[in-house]
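Trainee: Spelled out from the first residue to the last, the chains are:
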Amino acid sequence: MKKTKRKIVADDAVVSEEPPAKKPTKWTNRQRVLVFCSRGMNYRYRHLMEDLKTLMPHHRAEPKMERSKTLTVVNDMCEIKNCSKALMFEGRRKRDLYVWMSNVPNGPSVKFAVDNIHTMAELKLTGNCLRGSRPLLSFDISFSQSPHYMLLKELFVQIFGVPNKHPKSQPFFDHVYTFTILDDRIWFRNFQILSEDGALSEIGPRFVLNPVKIFGGSFGGPALWENPKYVSPSKYRRQIRLAAKKDKYVDKKHQKLYAEATKPEITYKLNPLDDIFKKNSETKPLLKRIKST
Amino acid sequence: MSDTSDSESLSGSDAELQEAFSKGLLKPGLNVIDDAPKVFVNDTQGLQDKLSEFKLKLPWIEVLDSINKPAPLAPELAAKILEQEEKQENLRKNNKKLPQISVEDDPVLNDFKRETMFYRQAQATVLSSIPKFKELNIPTKRPEDYFAEMAKSDEHMQKIRQNLMRKQVGQERSEKVKQLRAQRKEGKALQIQTKLKRQQEKKQMLDQVKKVRKGVGKDLEFLNNSKQKGKNVPNKKGQENRKWRDQKFGFGGKKRNSKSNTKESSADLGDYGKAGKNRNNMKGSKGKTQRPGKNRRNKIRNRRK
Numbered sequence: 001m002k003k004t005k006r007k008i009v010a011d012d013a014v015v016s017e018e019p020p021a022k023k024p025t026k027w028t029n030r031q032r033v034l035v036f037c038s039r040g041m042n043y044r045y046r047h048l049m050e051d052l053k054t055l056m057p058h059h060r061a062e063p064k065m066e067r068s069k070t071l072t073v074v075n076d077m078c079e080i081k082n083c084s085k086a087l088m089f090e091g092r093r094k095r096d097l098y099v100w101m102s103n104v105p106n107g108p109s110v111k112f113a114v115d116n117i118h119t120m121a122e123l124k125l126t127g128n129c130l131r132g133s134r135p136l137l138s139f140d141i142s143f144s145q146s147p148h149y150m151l152l153k154e155l156f157v158q159i160f161g162v163p164n165k166h167p168k169s170q171p172f173f174d175h176v177y178t179f180t181i182l183d184d185r186i187w188f189r190n191f192q193i194l195s196e197d198g199a200l201s202e203i204g205p206r207f208v209l210n211p212v213k214i215f216g217g218s219f220g221g222p223a224l225w226e227n228p229k230y231v232s233p234s235k236y237r238r239q240i241r242l243a244a245k246k247d248k249y250v251d252k253k254h255q256k257l258y259a260e261a262t263k264p265e266i267t268y269k270l271n272p273l274d275d276i277f278k279k280n281s282e283t284k285p286l287l288k289r290i291k292s293t
Numbered sequence: 001m002s003d004t005s006d007s008e009s010l011s012g013s014d015a016e017l018q019e020a021f022s023k024g025l026l027k028p029g030l031n032v033i034d035d036a037p038k039v040f041v042n043d044t045q046g047l048q049d050k051l052s053e054f055k056l057k058l059p060w061i062e063v064l065d066s067i068n069k070p071a072p073l074a075p076e077l078a079a080k081i082l083e084q085e086e087k088q089e090n091l092r093k094n095n096k097k098l099p100q101i102s103v104e105d106d107p108v109l110n111d112f113k114r115e116t117m118f119y120r121q122a123q124a125t126v127l128s129s130i131p132k133f134k135e136l137n138i139p140t141k142r143p144e145d146y147f148a149e150m151a152k153s154d155e156h157m158q159k160i161r162q163n164l165m166r167k168q169v170g171q172e173r174s175e176k177v178k179q180l181r182a183q184r185k186e187g188k189a190l191q192i193q194t195k196l197k198r199q200q201e202k203k204q205m206l207d208q209v210k211k212v213r214k215g216v217g218k219d220l221e222f223l224n225n226s227k228q229k230g231k232n233v234p235n236k237k238g239q240e241n242r243k244w245r246d247q248k249f250g251f252g253g254k255k256r257n258s259k260s261n262t263k264e265s266s267a268d269l270g271d272y273g274k275a276g277k278n279r280n281n282m283k284g285s286k287g288k289t290q291r292p293g294k295n296r297r298n299k300i301r302n303r304r305k
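Residue numbers (full-length UniProt numbering), protein chains in the order written: chain A, 1 to 293; chain B, 1 to 305.
Think of the hints as simulated: they come from the structure by calculation, not from any bench. Computed from a predicted model, the values in this text were never measured in an experiment. For each residue, glycine too, the CB sits at the ideal point set by N, CA and C. All clues stand as given, with none of them false.
Computed footprint of chain B on chain A; a stretch qualifies when at least three of its residues, placed anywhere within it, have a C-beta under 8 Å from a C-beta of chain B:
#1 94-108
#2 141-147
#3 153-160
#4 163-174
#5 192-201
#6 217-225
Going by beta-carbon spacing under 10 Å, a handful of chain B positions derived as facing chain A:
#7 Glu62
#8 Asp65
#9 Tyr119
#10 Ala122
#11 Phe133
#12 Pro139
#13 Thr140
#14 Arg142
#15 Lys152
#16 His156
Use the sequences and the hints to build the structure in full.
Mentor: In structure tokens form, the structure reads like this:
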């Protein structure tokens, strides 16, 4: 088959095409991205991180970070690992996922909330690509319209774009990343290029980034932009829960009022003379009256 | 006012409050301090400065980014979108429990529309980028004999293929069943039609017979016609078979107690106890008339003369 565990170059001719001395001179864009997560992440989010790692040959791994540490520690970690970018996953309550993207010594850094995650392992995503081939980066038109989106675009390009002539990369172009803005969020997709006339099939992963805040420095510094429409996931859940509760109470009250208002005066058509001959009936005085007249 | 305990903490703003009250800004009742609306930071200048500070100044081949509009909608995709919309509408019609909102125009809620939008955007990028590579003389396609590790493993791709196959088989089967059902329905309709037709024919014939009886019409030819047309003559073999079966198992009449004894059967002892001479003649005497004796025969002959 085509794919094997280790990189195998089948043809000697392919190797001889690229002289080894040529490679290092051309590798100019030396971006390295530190990809890691904090403790307490969901397995699904960890899979997403692993997927991104397989797609990014220029990543550096790092063990899980303790949550007690402050975020500024990440800057030192990047320096030690010789990385100029950081992609940090932060799980909260095993439920919500936040992602930090940062340009390391000088910033900017951005915090995103991540929704709608589908990992590459899902069976409906049928495409496949070379491990470490360089993706084309496709951006929506609105990435050129407002300053914060322009900044985000530059950050995405530097983090997700595989540097040219990176030693672990492949020399062919067989996939595209799309970043689209819809509903004030950034939707990420990864497509395989089946043919050069534009036939595609999706590889995955899928996720939606909801930008929360842009900072001037790396993991800190002055805030440059804040998302006015952002509601934190836990707050959103709480709102929904409270709304349901409030409705429950109001519904109950309404029902009670309605029941009282529509209560029938006569429940059953009774003949008042029916229990005339019963001992304790209230109609007895009436009978007496009838007799006396 | 100054005597109350809570006024101590508010003593700084006490004068202000009194002033406000005298102007009529404050109304009697519970007054709540309103929070100022939250101001969201949007430092446009800062953003632009930061962008220019860390932006890479490299040729396109190093970064491979492109901003573009989605590619024009291919006709088959448009057809697919229409199909999906119809499907959704049918679903909504058939299941009243589903939310009865049409989401066709909203790309956030309409999955198919949204995904096609992303697809088209990627398509536009591919279509615009490939010529750039060609210009730079960079190979884009992987040669057939270039083997390398893929992002998804072989086993995983096998799984995907199996899943696709399973889905396809399932779809085919459901289609077949649908077809069968339709056929059955058609057959039933045909059956009912023929039945109605026969009933009508019969009624017509009976009407005509009535007319003839009353003396209105005298033509009896329709009987022959209708017989020839309507009566389906059963085949001979079948008839014989029926006859034989009727003979063996009986046809019509009472079937209950047919084997139990009756008065006659219990009285009938058969041949038992009869005189030996008569026993042989029992059957014969019943069936044939005996030939008269010679004397009698002569007498009869004389009488005729």
